[in-house]
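*Asks:* Below, each chain spelled out in residue letters.
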Amino acid sequence: MKLTGAEIVWECLLREGVDLVFGYPGGAILPIYDALTKYPQIRHVLPRHEQGGTHMAEGYARATGKVGVMLATSGPGATNLVTGLANAMMDSSPLVAITGQVPLGAIGSDAFQETDVTGCTLPVTKHSYLVTRTEDIAYTIREAFHIARTGRPGPVLVDIPKDVQNKVIEFHYPEDELRLPGYNVPGKAHPKEIEAALDLIHSAKRPLILAGHGVLMSGAMDEIRSFAEITQTPVALTLLGKGGFPENHPLCVGMMGMHGTAAANQAIQQADLLLAFGMRFDDRVTGNLKTYSPDSKKIHVEIDPSEINKNVKVDVGIVGDLKMVLRQLLPKLQTGQHQEWIGQIRDWEEDTSERDILLRLAAHPDGKLWAAQVIAELFRCTEGKALTVSDVGQHQMLEAQYYPHTRPHSLLTSGGLGTMGFGMPAAIGAKLGRPDEEVWAIVGDGGFQMTLTELGTAMQEHVSINIAIINNSFLGMVRQWQEFFYEERYQSTPLKNPDFVKLAAAYDIPARRVSTKEEIEEAVQWARSIDGPTLIEFVVVQNDIVYPMVPAGADLHAMIRRPKPSESPDFENNPTAI
Amino acid sequence: MKHTLICLVENKPGVLNRVVSLFRRRNFNMDSLTVGRTHNPDISRITVVMEAEPGDGKKVVMMLYKLIDVIEVQDVTNIPTINRDLALVKVRTPDAYARNAVTDLCYERGARLVDIGPEVTIVELAGAEESVESFVEALHQFEIVEMVRTGRVSMGRGIRTMEQRDYKSTRFAAYVPSVNGGGSAEHDDE
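Top line first, the protein sequences correspond to chains A and B. Start counting the first sequence at 1; every next residue gets the next number (our numbering). Start counting the second sequence at 1; every next residue gets the next number (our numbering).
It should be emphasised that the hints constitute simulated quantities derived from the structure, not laboratory data. Among the hints, a few may not be true.
[Unchecked claim] Reference excerpt, derived from the structure (chain B facing chain A, CB under 7 Å, subset only):
hint, residue
1, L16
2, V20
3, S21
4, R25
5, K66
6, I68
7, I71
8, D75
9, V114
[Claimed, not checked] Some but not every residue of chain B turned toward chain A, in silico, with C-beta under 8 Å:
hint, residue
10, E10
11, R18
12, M62
13, M63
14, Y107
15, G117
Backbone N, C-alpha and C fix where the C-beta goes; we use that ideal spot for every residue, glycine too.
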């Protein structure tokens, strides 16, 4: 069969099971776009900016577990991918980005729209290719998908010059084995490693599981639950680990880290055994490494060998697929009882609830709208069953605190890179991948405006996402740091915002504004009843603070916490004082 | 301390860039870097000497393994190796006296005169870095006009070779101290 390089690209995508791609056309990738006309079985979604497209592809990938595909043209099209690729790299999301490149002969001549894309994206991709022969396209795309989705997943970029796309060759799909002598996918643990881990597990008095994104990516939800239940080990979650273990489970102590639950952080510091499952001891979860969980032995099960002993020295490091390793451990586990330890954690949790803003507001309503109330009401109205996609900032941490997740892949957020603007486009990608889900994009007014141009995509493709803007007219998390650490000098954080309801109207997207707690439920139900995208702007209190907070680099137990009522001097007059 | 790493990489365009870029972005300082072909046309061999904290050797090895094109990495800092550095030094030899003196020095140090012109002489020494250092030091009695060194290349002694190592088992071998009876999480750099 004689095909052009461009047609071969689509033939290969079909064979990888791709039925939806995101992409933005341009000169150097036009042959691939022209060839798409012959492949109507593949749906193409046009974002309004390539960055938005990569976030959509990532949202799609993380919601479905499939590889997200993003196309872009050379030069500016390709450089606009960088943020999205970096985000996917940090959060280990499987993406394949295909970029057009100027013709081979023009490479290196500073041709129009020429950029060294494989060079630009080198540190933010798992791997990348510049394809110089049409004959290599098929094999390269196959290898790219394999690398993107296996091991620790990540983004892979394939750069194809225009003349390589145009050349016609006799096409044979390469069925032979991939030649990757330097790439191996970890699987099971060595029996000695299992024995060493079991010794520690069975002698622990105060064990704690730290469950990360790896739980979801290896599909080890059932295994981790069995592990926790058999050994009666409490489970703390990373932000990206949410959904890996049901948060309504009695053994769940919630999120760990900078804005995690106080109980989880206290438990980490007091534990005598940490079982780090598919997580990487990011600085946002460890705080000061010198004082991190000082009395514990540590077992680290992780698919990426370079993560073991990178930040935290561990006693048993197991490189492997978490699901496989847990399956090796499970039959050998002895049932455990840690009543005293779990009782201690319960005490910490009670101490936390006394400081909770919602309980305080329930007892002393102040008529204002607080971001935490919005999230909690959203949780109640959606019965906790929505797929939420948060952006980055205070609302993201409040979502993590007040929207407990019980199902895997029901929270998508930008964890490692903290990319403002991720939320709304990722929600579009998630909804396109899982159309039966109720998808809520929970975004701040700052982050929303970084990629609000994608409202156009939601409109054109009629993507039924509900956008909840938590609007405090501030870059709230930065404001919080300025309040705590920069003597309340709010330099460049107040925002003068557009009328978001009118903005949505310009895109023909139904929208409402909510500024009291009483209006939330009706607005949420209204949005749920509408087919197509909707937007609700929640106007919330400005000087809100996300508690607890571990200052960057501080000891994990040195949390800044909301004072208890008994500790607040002016509690009677100002019960919600923060 | 100085670490010496040997990497076997796929002989493809851009691979050296990936390796070097890793050192740059992880903020490891390279002392020297040599790249060359091996007897296998699909494989190139890189020797890197870098300045790093004692525990960092293992980290770099693990990060290098993350590069898809890197097939095998070995930190040979603490294992018996043969190390060689090659220097070409051009010295000013305007008269017979100078030329004779250079010739004598070369003879003494096992170096070679590789080019003699009317004004300058090029001498070559391949050897362990210390002997190259001391040779260059001795050449300072003449005027050094130009000098180039390759940087270290290393090869482990004995029958075991890089290619024979079963990287599938070694690259993922995490550390299990309790098996070895120790309780410390310290890594050997070997």
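*Asks:* Would you mind marking each hint as holding or not holding in the structure?
*Replies:* How the hints compare with the structure:
no. : hint : verdict
1   : L16  : 12 Å, violated
2   : V20  : 10 Å, violated
3   : S21  : 5 Å, holds
4   : R25  : 5 Å, holds
5   : K66  : 5 Å, holds
6   : I68  : 5 Å, holds
7   : I71  : 4 Å, holds
8   : D75  : 14 Å, violated
9   : V114 : 36 Å, violated
10  : E10  : 6 Å, holds
11  : R18  : 7 Å, holds
12  : M62  : 4 Å, holds
13  : M63  : 5 Å, holds
14  : Y107 : 46 Å, violated
15  : G117 : 37 Å, violated
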